[in-house]
Each structure stands twice: as structure tokens, then as C-alpha cells.
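K.L.:
Each chain, letter by letter, is given below.
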Amino acid sequence: MVAIPTLWMNAITYSSMITILSIGFTLTYLTAKIPNFAHGTYAGVGIYVGWTLSKIFGLSPYYGFPLSFVLGGGLSVLLYILIISVITRLGGGAVVLTISTLAIQILLEALITIYVYWVRDIYGTYGMGFMLKEYDFKIAGYQGIFPVSFLICCIVVLVLHILLTRTRIGIAMRATAEDPQLASVLGINIDMIQKMSWFLTGGLACLAGAMYPLWFQSYPKSGSSIMTSIMAGSLLGGFDNIYGAIIGGFGVGLSEILLTAWLQNVVDPGIGRWRPLLPMIILVGVLLLEPQGLAGVYRRIRSSKMGERIFTKRVKGGVASV
Amino acid sequence: MFDFIGSMVFQIQGTSRLLVDIAMYFGLFVIVAMALNFQYGNAGVPNMGCAVQVIIGGFTVSALTTRLTFFIIQSAGVQLKPYASNFDWVYNNQYNVAVMTNPYIESHPMLGVALLLFSIAVALVLGACIGWLIALPAIRLRSTYLMITLITMADASQIFGRNIPGITGGTLGMFVPNVFAWYPGDRAVILAVVTLLIGIISFFVFRTMLNSPYGRLMRAIRENDVTVGSVGKNVVGIRRNILMFASGITAIAGVLIAFYYSFVVDNAFQRADWTYWPWLMLILGGPGNNAGTFLGCALIIALRRIIIVNKWLFERFLFFPISYFENILLGVLLILVIMFKPRGLIPEKLLYIPGISYSRLVREEVKVDWRETGRTKTKRSLFGLRGKKEGDDTT
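Here the protein sequences come in this chain order: H and G. Numbering-wise (our numbering), the first sequence opens with residue 1 and increments by one. Numbering-wise (our numbering), the second sequence opens with residue 1001 and increments by one.
Simulated from the structure, these hints should not be mistaken for lab results. One thing to keep in mind: the hints can contain errors.
[To be verified] Straight-line alpha carbon distances no greater than 27 Å define the calculated DSS-like cross-link-like pairs of lysine-lysine that follow:
{"no.": "1", "chain 1": "H", "residue 1": "Lys138", "chain 2": "H", "residue 2": "Lys55"}
{"no.": "2", "chain 1": "G", "residue 1": "Lys1233", "chain 2": "G", "residue 2": "Lys1349"}
{"no.": "3", "chain 1": "H", "residue 1": "Lys33", "chain 2": "H", "residue 2": "Lys195"}
{"no.": "4", "chain 1": "G", "residue 1": "Lys1311", "chain 2": "H", "residue 2": "Lys221"}
{"no.": "5", "chain 1": "H", "residue 1": "Lys55", "chain 2": "H", "residue 2": "Lys133"}
{"no.": "6", "chain 1": "H", "residue 1": "Lys221", "chain 2": "H", "residue 2": "Lys33"}
{"no.": "7", "chain 1": "H", "residue 1": "Lys33", "chain 2": "G", "residue 2": "Lys1341"}
{"no.": "8", "chain 1": "H", "residue 1": "Lys221", "chain 2": "H", "residue 2": "Lys133"}
{"no.": "9", "chain 1": "G", "residue 1": "Lys1341", "chain 2": "H", "residue 2": "Lys195"}
[To be verified] Label pairs and their calculated CB-CB ranges:
{"no.": "10", "chain 1": "H", "residue 1": "Pro180", "chain 2": "G", "residue 2": "Ala1298", "range": "36 to 42 Å"}
{"no.": "11", "chain 1": "H", "residue 1": "Met128", "chain 2": "G", "residue 2": "Ala1291", "range": "39 to 45 Å"}
{"no.": "12", "chain 1": "G", "residue 1": "Arg1140", "chain 2": "H", "residue 2": "Ile281", "range": "16 to 22 Å"}
{"no.": "13", "chain 1": "G", "residue 1": "Arg1140", "chain 2": "H", "residue 2": "Gly74", "range": "35 to 41 Å"}
{"no.": "14", "chain 1": "H", "residue 1": "Gly124", "chain 2": "G", "residue 2": "Pro1321", "range": "14 to 20 Å"}
{"no.": "15", "chain 1": "H", "residue 1": "Thr125", "chain 2": "G", "residue 2": "Met1110", "range": "57 to 63 Å"}
{"no.": "16", "chain 1": "H", "residue 1": "Thr125", "chain 2": "G", "residue 2": "Asn1267", "range": "24 to 30 Å"}
{"no.": "17", "chain 1": "H", "residue 1": "Pro180", "chain 2": "G", "residue 2": "Ile1201", "range": "43 to 49 Å"}
{"no.": "18", "chain 1": "G", "residue 1": "Ile1307", "chain 2": "H", "residue 2": "Gly93", "range": "28 to 34 Å"}
{"no.": "19", "chain 1": "H", "residue 1": "Met128", "chain 2": "G", "residue 2": "Ala1302", "range": "27 to 33 Å"}
Don't be surprised by glycine CBs; every beta carbon is placed ideally from N, CA and C.
Work out the full structure: start from the sequences and follow the hints.
P.N.:
As C-alpha cells, then:
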């Protein structure tokens, strides 16, 4: 049996989480047309769901996965009903909505911290910096979270793909993302679809957050601090393309850990302190080179002469596009 | 109440101290919020990176002004400890500043004033450069991209400050020379006066710019950039210019906060403090309106400083640090204001255009006989941008 290096396990676990979060960020942008800066903080909620279950109730943090999915979804829908939909109805533009998500981020982060202080006072449990590695199970000598996170990531991608292409709800969601007015003319309940998509994004973000403390050091701000990586992954994928977000999230997550480790080996071990700059460099690079991200690159290749040769195949009686 | 005018250092206590503190912070935040109003309220550039520009001001003081001061003082014959290498720069910093530099400035007031002016001038230029740099990736794109980039940049600037010891001594922070060491009273008082003075000057600068043709152009871009682009204006260039100019002004606030703390460390320039609070002030007061910015700034600063100064009073009842309560306050206030007062406390008014009265313009428009279009006669256009030929348009 081939031993997988810890670095690769680290990288794959991290990129699975970033991928799930990037998909959610992109989904919010598609349906609500705003970047939700509170997306990372939903993950912070998920982190403390797992923490509460394992440290206070003595359960395995894996029970926190479904719980945090439901909780995060509920929280997200609540915020949508209370804040986002009200501001939209009152005629707030994209900038104002984005600022309101920033306010939600600050509010949620403060509430999480206050919750941690409250638990410390009641139960005497320290939650400012913690890991749940010892609550994890082992599969063939590996930490359980490594295969589980990758599996969950694949399942999420698969389920979303089926949802968005095969079911009526998913097609309605895509129609709403394309043109809300036209979708409502066709009899789609836009408000319901919006709530569905906010539930999905919040739940996914919270689920990814519940996985986080099983491998990484967590603290109340860690949800917000991975926001840059999420945005970089989403932008790398094209910002309005869910399949792009999968590749983008994995790309950013892998490069953040593997590239840093490689540079530490090759150049200087002290280069690790610049790691938070990497997603920012990716973000700026994408915006400078190709603002449409990988989706734009794909589109450009398809429309070029060579792309036409690759992506079109000859069928009987004409040319069909793939 | 006003017993602090000529008082000695550390003599100011109680309510007077709170007043000085509020005045200082009001001056600082009003500069940032007015620059933000210039960008978002009037030109529609959503600058989420105020923290970057403020931090550049702080870095200017710690990296450039401090080095320049050491160089000048060493040339004047004062024996400083070495400060060339990174280690010496951090290790000997406190001795060099507090023991050697400040007494020298105490006996040479002109040096202190010159250093202050130097810092402000350099911060203005550097802030404009940084404004150009951070606008580079996303100024051409939708405002969403610009917001994402600028928010990210605020974190990036903190990482630079933390990891390069030559700027602010890394995580340890740097003491900076007290340029008001020659002032016999309390340093905070004169600094508050200087800050308020700069705030007033920048208010007049912004007001003049807004009432000029350029200000009208900015408002036109905010309302509809496609139309402005279609009449031949360089929308991207104007947006970039606005961002650069306002960045320079915001950087001055960074210089003043560095001199107020006498200490620069990257953690003092949190995104929450220097980006979100100015946004809250702007939205509370009413975007597009300097009077509203003043009002929002005064309300928020008074609230914040009174909470912070009396925190021992509140913390008796709370089980968590008061700063998190402050964050909740920020979030809830921002959301409530956006929901229930989207135009702010003082809504935006029509611009005052010197020399043009709208009623007279309307009367003249009525008098013009549209049948005389064959003759070319210059007529004053509505916005006074350029005299236009009457026969040009065929309507």
C-alpha cells in the first residue's frame, strides 16, 4: 500500500473545503447577483457546531455535519428573509446589498465570539483556538476526515450537477439566475427559488466549516479569514460558472498548500509567512489577465479555430456542437 | 470644561480628556469619510479599501519619516544607536526615538513642523500611487469586482506590514518621533487642532471640486456611466483619478493617527475600524452630502468613544469584551440604516453652481426661438461645460 504524504492529505482536505465554499459563493452570486462576504462566516458557524457537539456533548464531530447543514441553511434563509429580501424590495442596489453582507459578516463573527465566551463561562471550555483531531476516527492509519472530506466534496458536486441539470427545481434555479422577470412570467416562484438557493449555499458553507476543525487549527475568525481563498477560487473559475468554481476552488486550495511547501523547500523556509498573499495574487492575476476566469479561457478556446476543430464533431448530414 | 487649553502633559483628565479624544477621532474619521463620500457618494466608486490608504499613511511615518529624522539628527551630531540593519532598527528604536530624537525636536520646533509637513506631502503622493495600484486590476470591471479586490488589498497591506521588519518592525511595531515635542502643553490637544484644521481644509477642497464642472461630471458618471462614455468622456480614467485623489487625502489620516499613537503597528489598522466604520458614517449621514458625512461622523464617533472610555462600566454586566458588542452595534446599525434610512439623515441636494441660476436658465430656454436654427449663435449650455453652437443639433 502506498503511503500518501501528509502534505497531500493536507492539500486535498483543504481544497475540498475551499471547493465546497467556492461553489456556494458562486451559487449566491448567480442567483442574488451579489458577492456574499458573509459566506466564510457561515463556515465559522459550522466550526462551532462541531466544537459544541464534541467538547460539550461528547459526541463525534461527524454528527455535526448534517446538523450544521440544516443550521447553516436555516441561518442563511433567515438572513435572506430578514435583511437581503427587504433591502432588495426597498430598492437597494448591488453596492448597498454587498455592504449589508459585510455587516452580516461582522455581526455573525461577533456573535460567534460572544457564544464562545458564554460557553467558557458556563462550561469552562476554551474555544478561542482548538482542533478536533483527537475526536476523529482512523481509516487504515489515515485520519478519517481526509477521505470523508474528499468524498463529501465529490458528492456535493455530483448532487449539484444532477440538481441543476435533471430536476425541475434546479432548472428553475438556473432560469431565475439567467432572467428573473422572464422566469416569473413562466410561473416560477422566484422568492421560493431564492430561498432554496440561499438554504443550499448556507448549508454547504456550514458543512464545510464543520469539517474544518477536524484538520486545521480553528478560532472564531478562521471562517472570515478563508474568505479570500473562497473569492479567489470563485473568480478563478469565472465567478458565474459552478463548474468553473469546482476547478478554481481546487486550484486555489492545492496551490495554496503545495506551492507554499514547494517554495519553502526550494527558496527559503521563511517564505511560509507570505502564504495568505497567494490567493490574493491569484485573484489579482485572474482579474488582470482574464476577468472571466477559466470559464472565459474555455469560451475563448472554443471560439478559436483550433477549438472548433476539437469541440465539434462530424455527424451524419452536418456539424453538431458538443 | 475648557481647562485643557494650556495644560501640561497628562494633566488632562475626565470629561476634558474625552472631549480631546472625540475631537481627534472626529477629525481623523471625517477626513476618511469625506474622501469616501467623494468616491462613493459622488462618483459611485465603491472604495472598500480605505484601510489600505490609511495604512500607507502610517507606513510613511514609520518607514520614511523616522529614517529621515534619524538621518537629520545624526548629521546634526547627535549620537544615535545603529539603526541600519533590521535587528537594530527594531531593537534600538525605542531608545533612538524616546531618548535621542524627541529631546532634539523639543529644542528645534521647525524640524518638528517640517517633519509633519514632509510626512503629509509624502503620504499624499504615496497614497495616490497606491490608489492607482489597487485600482489597476478591477477599475475597468463591474463594481462588484472592484469591491472584492479592494477588500482583499486591505488584508494584503497588513501582511506586508507584518512581514517586512523594515517598515513597522514587523509584529512588534515601531515608535515614531513626536513631532510636537516642542509644544509645552498636551500633544493630543495640538494634534487634535491640526487634524481638525486638515479636515476643514479637505472639506473645502472637496467642496470646490464637487461644485466645479468636474464634480458635475462625477455625478453624471454615478448616475449613468454609459451615457457619459458615449459623449466622449474617459469614464475609466476619471474613476481612477477620483480614486487616486481620494486615496491621497485618506493617507493623511494615516499620518495623523500614527503621530497620535506615537506608535505604528499593522494591527492598529484593522479593516473593521478603517473601512467599515467610515462606510457606516457615510451611509448614516447620507451619501453624496458632506454635511451628512459630518453629522454621521460626529454621532458615531461620540457613541464609540463614550462606550470605549466607559467600558469598565459596561463590562461589569457583560461576560465578554466590549469590543464585540461594538462590532454588533456596527453591524446592526449598518443594516438598520440601509433598511430604514437609505438616503441617510440628510438627503442629497442639488449642487450649488456659482453664477448659474436655474430659474433664469429655464426662462432663457423658453425665450429661444427654435425656428432660428439656421443661424449659429453660441448659447450657454445647462451645465456650463462648454459653450455649444445652437445650430449643431437638428432638433
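K.L.:
If a hint holds in the structure, say so; if it does not, say that too.
P.N.:
Here is what the structure says about each hint:
1. H/Lys138 / H/Lys55: holds (19 Å)
2. G/Lys1233 / G/Lys1349: Given that 27 Å is the threshold and the Cα spacing comes to 25 Å, the pair holds.
3. H/Lys33 / H/Lys195: At roughly 14 Å apart (the allowed maximum being 27 Å), H/Lys195 and H/Lys33 satisfy the hint.
4. G/Lys1311 / H/Lys221: Holds: G/Lys1311 and H/Lys221 sit about 23 Å apart, inside 27 Å.
5. H/Lys55 / H/Lys133: holds (12 Å)
6. H/Lys221 / H/Lys33: Holds, at about 26 Å.
7. H/Lys33 / G/Lys1341: Judged against 27 Å, a Cα distance of about 23 Å means the pair holds.
8. H/Lys221 / H/Lys133: Since the Cα atoms of H/Lys221 and H/Lys133 sit roughly 19 Å apart, the hinted pair holds (cutoff 27 Å).
9. G/Lys1341 / H/Lys195: holds (25 Å)
10. H/Pro180 / G/Ala1298: 36 to 42 Å: holds (41 Å)
11. H/Met128 / G/Ala1291: 39 to 45 Å: holds (43 Å)
12. G/Arg1140 / H/Ile281: 16 to 22 Å: With Cβ atoms ~19 Å apart, the hint holds.
13. G/Arg1140 / H/Gly74: 35 to 41 Å: At 39 Å between Cβs, range holds.
14. H/Gly124 / G/Pro1321: 14 to 20 Å: The hint (14 to 20 Å, Cβ to Cβ) holds, given that H/Gly124 and G/Pro1321 are roughly 18 Å apart.
15. H/Thr125 / G/Met1110: 57 to 63 Å: Distance hint for H/Thr125, G/Met1110 holds at roughly 59 Å.
16. H/Thr125 / G/Asn1267: 24 to 30 Å: holds (27 Å)
17. H/Pro180 / G/Ile1201: 43 to 49 Å: holds (47 Å)
18. G/Ile1307 / H/Gly93: 28 to 34 Å: holds (31 Å)
19. H/Met128 / G/Ala1302: 27 to 33 Å: holds (32 Å)
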